[in-house]
Amino acid sequence: MAPYINIHSHGNLTFPDEIAIVNCDYDTATIPFCSIGVHPWDSVNIHTNPSFINESTAIVAEKATSQDVVAIGEAGIDRLHGADIDVQRNLFVAQIHISEDVCKPLIIHQVKCVDEILNIHRRLQPRQQWIIHGFRNNIEQAIQLLNRGIDLSFGKYYSGPALHLAYEYNQLWLETDDTDMDIHSHYQRVSAELGITLEDLKLKMFERAKQLSSVFCLEL
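Sequential numbering from 9 applies to the sequence shown in our numbering.
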């Protein structure tokens with residue numbers, strides 16, 4: 009039986025049959041099967057430390073080569089929190105380059121910045137997979153991102169039409185993020201939403217995970 013793939017977690021409510029990418033902040037120790045990055049909210053540190061971007065991303069770059077790290081992030085841009093957008097953009101782009109250098113996917117936090125994310129993707133033409141975590145936007149923005157080859161991950165709150173579309177595009181991921189929701193109940197809810205069996209959904213997610221990174225195969 010295929011495991012449950014949880015593409016973005018904060019270490020909450022894990023199960024023996026769950027493979028979760030656990031988010032680690034750049035200034036904490038890494039753990040097996042984690043992502044490492046500088047959250048856009050941390051960009052406010054530049055107000056007290058002008059070298060914050062260089063210093064924090066240097067730490068990420070060093071840790072990113074570890075076998076424990078399977079993805080970079082969460083990185084991104086947030087119009088409601090953090091420093092000015094220009095600062096956040098520079099921090100985000102620095103982490104895109106790390107993702108490209110170490111050949112690991114990028115997990116993205118974005119709030120009200122879909123156009124900015126799309127513009128950066130067009131400009132940089134990254135080779136590594138981008139995954140928008142906790143996607144809650146409308147179907148029109150889902151279409152734009154999916155057509156750029158950017159994957160969407162859905163957590164506790166989501167748009168049903170966007171979720172269906174991501175599944176049709178074969179660019180769907182599921183996550184628990186930092187909520188109290190467990191991955192078992194989330195998969196059950198989504199499989200019912202999609203009108204497919206739970207085992208079919210699990211197998212689909214696992215096959216996608218193996219394509220994303222060979223390290224998923226090693227977890228079995």
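Derived by calculation from the structure, the hints in this document are not laboratory data. Fair warning: this is a prediction, and the values are worked out from it, not measured in the lab. Think of the CB as a built atom: it goes at the ideal place given N, C-alpha and C, for glycine as much as any other residue. Wrong hints could be hidden among the right ones.
Stated by the list, open to error - Calculated lysine-lysine pairs in the BS3-like style (CA-CA distance at most 25 Å, straight line):
1) K210 x K164
2) K164 x K212
3) K164 x K120
Said to hold, decoys possible - The following label-pair restraints were derived from C-beta to C-beta distances:
4) C111 x S59: 26 to 32 Å
5) R135 x D35: 23 to 29 Å
6) I39 x T205: 18 to 24 Å
7) R131 x A200: 36 to 42 Å
8) R197 x E176: 17 to 23 Å
9) R156 x H89: 32 to 38 Å
10) N57 x D186: 34 to 40 Å
Can you tell me whether the CB distance of C111 to S59 sits inside 26 to 32 Å?
At 27 Å between Cβs, range holds.
Assuming the hint says 18 to 24 Å, is it satisfied by the Cβ distance from I39 to T205 or not?
Given a distance of about 32 Å, which is not inside 18 to 24 Å, the answer is violated.
Against the 25 Å threshold, does the CA-CA distance of K164 and K120 hold or violate the hint?
holds (19 Å)
Given the hint that K210 pairs with K164, does the C-alpha gap stay at or below 25 Å?
Distance of about 17 Å is within 25 Å: holds.
If I claimed the Cβ atoms of R131 and A200 lie 36 to 42 Å apart, would that claim hold in this structure?
holds (40 Å)
Quick one: are N57 and D186 within 34 to 40 Å, going by C-beta?
violated (26 Å)
Is 32 to 38 Å right for how far apart the beta carbons of R156 and H89 are?
violated (24 Å)
So does R197 sit 17 to 23 Å from E176, Cβ to Cβ?
Since R197 and E176 have Cβ atoms about 18 Å apart, the given range 17 to 23 Å holds.
Do the alpha carbons of K164 and K212 lie within 25 Å of each other, as the hint requires?
Judged against 25 Å, a Cα distance of about 20 Å means the pair holds.
Starting from the range 23 to 29 Å, see whether the pair R135 and D35 falls in it by beta-carbon distance.
holds (28 Å)
Comparing the model with each numbered hint stated earlier shows that hints 6, 9 and 10 do not hold.
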